[in-house]
Amino acid sequence: MFKPPFVKSLLLAALLASPVAQAATAYVSNEKDNTLSVIDLETLEVTQTIEVGERPRGIILSKDRTKLYICASDSDTVQVMDLATHKIIANLPSGEDPEQFSLHPDDRRLYISNEDDALVTVVDTVSHEVLAQIEVGVEPEGMAVSPDGRWAVNTSETTSMLHWIDTETHELIDNTLVDQRPRHVEFTKSGDRLWGSSEIGGTVSIINVASREIIKKLNFQIRGIHPDKIQPVGVKLSADGKYAFVALGPANHVAVVDASSYEVLDYLLVGRRVWHMEFTPDQKYLLTTNGVSGDVSVIDVDDMKVIKSIKVGRYPWGVVTLE
Amino acid sequence: MKLLPHLLTAASLSLPLWAHAAQTPLEIDIGYIGFEPDHGPVLSNILPEPDDAGLKGAELGIADSNTTGRFLKQRYTLHALSTPDAGQILPATQQLYDQGVRLFVLNLNRQQLVDVEAQLPDDVILINAGSADNVLRTEQCVPGMLHTVPSRAMLTDALAQWLASRRWQRWLILEGNQPEDRAYADSLERSATRMGARIIERKAWDYDTDLRRTAQQELPPFTQTDEYDVVLVADERGDFGEYVPYNTWYPRPVAGTQGLSPVTWHRVVEAWGAAQLQSRFEKLSGRWMNSRDYASWAGVRTLAEAVTQTGTTEPGALHSFILSEKFQLGAFKGRKLTFRDWSGQLRQPIPLVHPRALVSQSPQNGFLHPKTDLDTLGFDVSESRCSVKGDS
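Taken in sequence, the protein lines are chains A and B. Residue numbers for the first sequence follow the UniProt record's numbering, beginning at 1 and rising by one. Residue numbers for the second sequence follow the UniProt record's numbering, beginning at 1 and rising by one.
Hints are supplied without guarantee of correctness; some may be wrong.
[Stated by the list, open to error] Cut-off 25 Å, straight-line C-alpha distance, at most; resulting in silico cross-link-like pairs (DSS-like, lysine-lysine): (1) A:K32 with B:K283; (2) A:K229 with A:K189; (3) B:K326 with A:K229; (4) B:K283 with A:K217; (5) B:K283 with A:K229; (6) B:K283 with A:K216; (7) A:K87 with B:K389.
Since the hints were made in silico from the structure, they are not lab data.
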């Protein structure tokens, strides 16, 4: 249908001015659709679908929350999206097949896993230069930078290790051997513990950052689900330090763990093949990406109940939220 | 977009520091012996099989293990022989043993495996990555031998489960004239019994017509029997089987060694990180990874995983570890793989593929087992006389 262009711009202006535009928003990357779904967190509905590069997987926000970084794996680049306009404003030299990444607290250095090349690439988000490439194990995947900015930790799936990279020298200092196929790492807020999931091993290791040794290994059991199908991937720690949530992949459940006693408190049924998660800015809800069912489950954190599922694109992978 | 090589000149390529693994480097020597016989003339000879199948898988296994090994001060070296000359196999194996190699991945047939084991002293690990022979897992157990290649029974059970779930239970079996074809057809019969399928007829293809010209005339009458739901072909080297689809008397699907096939591995497998394994393999070899490559890759990775976890190269210790509950192999099949501690067989899901797509993966839902549903494929403990633990 033909619309005169001025109507469109008027509409856009009206939208930008309205309080609806201020509502908290979630962005979800759809791996097999080459799109992002935008979810309004007031109504819990998809309001927009944005085309991006090929095979978008990991997504993260800049520290000032004005830009979104997108691993466009099959385009071999990290795209930078301006969140005010939803336009791609830059393509960073990420190395081949970027999958996951993490931003240093300095808001400049981006640590990127190059899954096909057994490398971690460090890119300056301001100058767009490659600062370093660090050789790691086979199929690097998870990335996390410690809150104090000292460590960048990478997981290599086929090598089954966590690699500790000194962010000053960009040298690999140490390796922690974990169970098969480590997928994701997450530092606690204080930075003294690191949680790492092992997908095929079926465990989550909690590591003392000072000694870089495993202090506790979590196992999961769900009635009626074969242990081999319980495959931990995403890990999220609540801001109050009370809980850890672990996405269990094809087990279609999220485990709720007491973050101090390490006891598994509950298993919440979500969509199929759950991988990654993010809290809403008010910490009231946790969103999960469910690849096979192509939807996002919304968990009410106070009630520990799944309250809604939101249909997004094909193979939703990463999720971020902002005010 | 390939920005990297250009930018690398300005970037510093940091090399790892060996902080934790300060001990002396561990050298791990793995022998690979591959028999690549000439399979004789086949009717369907348009797309030949690669003659380095298996070897390239072992090479990738070494490359993958060395990437891990760098961080642990472990260095893996492959000593490979791939030959069409059966006479070279025993001397070459002995020579490697005399040079100190104790870990072997063998892409050989049953008799060659038996001979190699008989010749070498006991302080070795032998991994069968070549023979699908059921007898090696049931009656003629080779002491201590591990198998990363699935038995024929695992393949035919995987197919039979899927056929049962589709309720295609009336089978016509067509077999070729090679001993392997008869073994495959026998394995199909065993699977039929297990899954409650009925064999309408078992027919041997022994014509020497060139089917490239005459399949349309020959095959419809050949497959004119009582009505069946599916035609199962047992033709391992691909002599006549390629011409069966679309030429059956009844309009029915074809499965087995052609048509819908149960395989160890295939290019169309891409889930569970397999896409990365496929792309590493293609980079190394310039071709697709096949079942033999996968079995040899898994053989090398099994040895390397055990070395990484135990920190030793001593064959006895590695053998016990591989057969223990602690061993787990991440092998791009969606779950961890372990070994059956009676027959030494690697448990594994079996993809069911046609040449351009993955159709399914067995075990199928609903086929239950008290220990693991993977043991619904192939020979369970009660069906096997082997005791790989005791006789190692």
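Hint check results:
As the CA atoms of K32 of chain A and K283 of chain B are separated by approximately 24 Å, the hinted pair is consistent with the 25 Å bound. Between K229 of chain A and K189 of chain A the alpha-carbon distance is near 30 Å, which puts this suggested pair outside the 25 Å criterion. Restraint check: the Cα-Cα separation between K326 of chain B and K229 of chain A comes to about 18 Å, which is no more than 25 Å; the hinted pair holds. For a cut-off of 25 Å, the pair hint linking K283 of chain B to K217 of chain A is broken: about 36 Å separates their Cα positions.
Distance check on the hinted pair: K283 of chain B and K229 of chain A sit about 31 Å apart at the alpha-carbon level, beyond 25 Å; violated. Under the criterion of a C-alpha separation no larger than 25 Å, the hint pairing K283 of chain B with K216 of chain A is inconsistent with the structure, at around 39 Å. Among the hinted pairs, K87 of chain A with K389 of chain B is inconsistent with the structure: their alpha-carbon atoms are about 62 Å apart, more than 25 Å.
The earlier numbered hints that this structure contradicts are 2, 4, 5, 6, 7.
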